[in-house]
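*Asks:* Based on the sequences and whatever the hints tell you, model everything.
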Amino acid sequence: MDILTIGAILLILMLLMLSGGVWIAMTLAICGWVGQAFFTSSQPGLNLFSAFWESNASWELAALPLFIWMGEILFRTKLSEEMFTGLAPWLNRVPGRLFHTTILGCGIFGSVSGSSAATCATIAKVSLPELKKRGYDETLAIGSLATAGTLGILIPPSITMVVYAVAADASIIRIFLAGFLPALVLMTLFSGYIAIWSLRNKHKMPPSEPVTTLAEKLRLSKNLIPCALLIVFICWSLVAGWATATECAAYGVVGAVALAAWSRSLTWENFRESLFGATRTSCMIMFILAGAAFLTKTMAFTGIPRELAEWVSSMNLSPYALIACLIVVYLVLGTALDGISMIVLTAAVVMPMIQKAGFDLVWFGIFIILLISIAEVTPPVGFNLFVLQNMTGKDSNLIAKAAIPFFFCLVVCIVLITAFPEIVTVFPDAVMGKQK
1 MDILTIGAIL
11 LILMLLMLSG
21 GVWIAMTLAI
31 CGWVGQAFFT
41 SSQPGLNLFS
51 AFWESNASWE
61 LAALPLFIWM
71 GEILFRTKLS
81 EEMFTGLAPW
91 LNRVPGRLFH
101 TTILGCGIFG
111 SVSGSSAATC
121 ATIAKVSLPE
131 LKKRGYDETL
141 AIGSLATAGT
151 LGILIPPSIT
161 MVVYAVAADA
171 SIIRIFLAGF
181 LPALVLMTLF
191 SGYIAIWSLR
201 NKHKMPPSEP
211 VTTLAEKLRL
221 SKNLIPCALL
231 IVFICWSLVA
241 GWATATECAA
251 YGVVGAVALA
261 AWSRSLTWEN
271 FRESLFGATR
281 TSCMIMFILA
291 GAAFLTKTMA
301 FTGIPRELAE
311 WVSSMNLSPY
321 ALIACLIVVY
331 LVLGTALDGI
341 SMIVLTAAVV
351 MPMIQKAGFD
361 LVWFGIFIIL
371 LISIAEVTPP
381 VGFNLFVLQN
391 MTGKDSNLIA
401 KAAIPFFFCL
411 VVCIVLITAF
421 PEIVTVFPDA
431 VMGKQK
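By our numbering, the letter at position 132 of the sequence shown is numbered 132, and the numbering carries on one by one without gaps.
Hints may contain errors.
Derived DEER-like restraints, expressed as beta-carbon distance ranges [unchecked claim]:
1. L184 <-> W90: 14 to 22 Å
2. I172 <-> L46: 41 to 49 Å
3. C283 <-> A357: 38 to 46 Å
4. I225 <-> S314: 24 to 32 Å
5. S41 <-> A258: 49 to 57 Å
Here are the computed lysine to any residue pairs in the SDA-like style, where the Cα-Cα straight-line distance is at most 25 Å [stated by the list, open to error]:
6. K401 <-> E130
7. K401 <-> K356
8. K356 <-> E130
If you are wondering where the hints come from, they were derived from the structure by calculation, not from laboratory data.
Just so we're clear, the structure is a prediction, and the values are computed from it rather than from any experiment.
Ideal placement from N, C-alpha and C gives every residue a C-beta, glycine not left out.
*Replies:* Right, dumping it as C-alpha cells:
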C-alpha cells in the first residue's frame with residue numbers, strides 16, 4: 001500500500017474517533033497502534049511502552065507540572081486578582097485594555113518555560129477567570145491564548161530551538177538570538193488585532209474602569225509588585241544561568257506559596273485544590289504527549305514525513321517555490337506530529353535542500369518554528385487546542401475557530417520574515433557578527 005493511502009486511512013480514523021468523543025490521548029495512541037500493526041512489521045506493543053516512557057521520563061518536562069502548579073497557586077489564592085487590579089488603571093485608555101495581558105503574559109512566561117503547553121496552560125489558568133469575571137469576551141480571550149501560547153517555543157530558551165540547532169548543525173546561540181525580534185513582531189500583531197477588534201466591537205467590551213489619578217494608580221500598583229518581582233526573579237535566574245528551566249519552575253512554586261502566605265490568602269484548602277488542579281492538568285498534558293509520541297513512532301516507521309520531503313526535493317523548485325511547498329508539507333505534518341518530531345523526521349532531507357537554495361539555516365530555524373506554532377493551533381492535533389479544551393470544557397473546533405484571526409497573524413509574521421529576512425538575522429549578526 002502506498003504512503004499517501006496509509007496517511008489518509010490514519011487521518012480518517014483519527015477524525016472519526018475525535019468526532020465520536022474518544023479521549024484525545026487514546027485517539028492518538030490507537031491511530032499509532034493501527035498504523036504499526038497493519039502497515040509496518042514493527043511490534044506496536046513494545047513501541048507503545050517505550051514511547052510512553054520516553055515521552056514522560058524527561059528532566060526538562062518536570063518544569064511543566066511545576067509551572068502549572070505555580071499558576072494554580074496564583075489563581076486560587078487571589079494573587080492573580082490583585083495583579084489584574086493593579087494592571088487595570090494603566091490599561092484603561094488602551095484599546096482592548098486587559099485583553100493585552102494574555103499576550104504580554106504569554107510573552108513573559110514563554111521566555112521562562114520554553115514550552116508552548118506550559119505557557120498556554122499557566123497563563124490561561126491565571127487570566128481566563130479574571131477576564132471572564134470582568135465581562136471580557138471569552139471567545140477572543142481563548143483565541144488569543146491558543147496562539148499566544150506558542151510564544152513559549154519562539155522566545156528562547158526553547159527546547160524546539162535546541163533540537164533544530166542540533167539537527168541542522170547550526171549555532172544554538174544564534175538561533176536563540178534570532179527568535180527575539182520575530183517574537184516581538186508577533187506580539188505586536190496579536191495586540192494590534194485585539195486593539196482593532198475592541199474598537200470595532202465596543203458593545204462587547206466591558207465598561208471602562210473609573211478614571212483614577214496618578215497617585216491612585218500608583219497605590220493600586222502595589223498589587224502588581226509581588227507577582228512582578230517573582231516573574232522577574234524567575235526570568236533573571238534563567239538568563240543569568242543561575243538555574244535551569246526546571247529549577248526556575250521550582251523557585252516559582254516556592255515563591256508563589258511564600259507570596260500567598262505573606263498576603264494571608266493561603267489556606268490548607270486552596271493549597272490542596274491547587275495541587276490537585278495542577279495534577280489533573282499535568283496528567284492530561286502528559287497523557288496527550290505520550291499518545292503523540294507513539295503516533296510519531298508510527299509516522300517514522302511508515303516513512304510518511306521522509307516521503308513527503310523527498311517528493312518536494314524531486315521537484316527541483318525555485319527557492320521561493322520551495323519555501324511555499326515546504327509550508328504545505330509542514331502544515332500537513334502538523335496535523336499529526338508535534339514540532340520536535342517534524343524537525344527530526346525531515347531534517348536529513350530538508351536541510352540540504354535549504355542550503356542548496358541559498359537560505360540561511362538560522363533564518364530557516366525561525367521559519368520552521370513559526371510553522372510549528374501554526375500546527376499547535378491546527379486541528380485535528382493542535383496541542384494548544386487540546387490544552388484549552390480540557391481547561392475550559394469547550395470543543396476544540398470552537399477554540400480553533402476563535403483562534404482563526406490570530407492564526408492569520410502567524411501567517412503574516414511568516415510572510416514578513418520571508419520578505420524581510422533581516423527581521424530574523426539582524427540581531428544575531430549585531431551581537432555575534434555575520435557568519436562567514
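*Asks:* Run every hint past the structure and note whether it holds.
*Replies:* How the hints compare with the structure:
1. Our hint of 14 to 22 Å for L184 and W90 holds, since their Cβ atoms are close to 20 Å apart.
2. Here the CB-CB span from I172 to L46 is close to 33 Å, at odds with the stated 41 to 49 Å.
3. Range check, C283 to A357: Cβ separation about 44 Å, and the 38 to 46 Å hint holds.
4. Between I225 and S314 the C-beta distance comes to about 60 Å, which lies outside the given range of 24 to 32 Å.
5. The beta-carbon spacing between S41 and A258, approximately 56 Å, falls within the hinted interval of 49 to 57 Å.
6. For the hint pairing K401 with E130, the CA-to-CA distance comes to about 22 Å; that is within 25 Å, so the pair holds.
7. Only pairs whose Cα atoms come within 25 Å are accepted, and K401 paired with K356 is rejected, the gap being roughly 38 Å.
8. Taken as a hint, the K356 and E130 pair is broken in the structure, with Cα atoms around 51 Å apart against an allowance of 25 Å.
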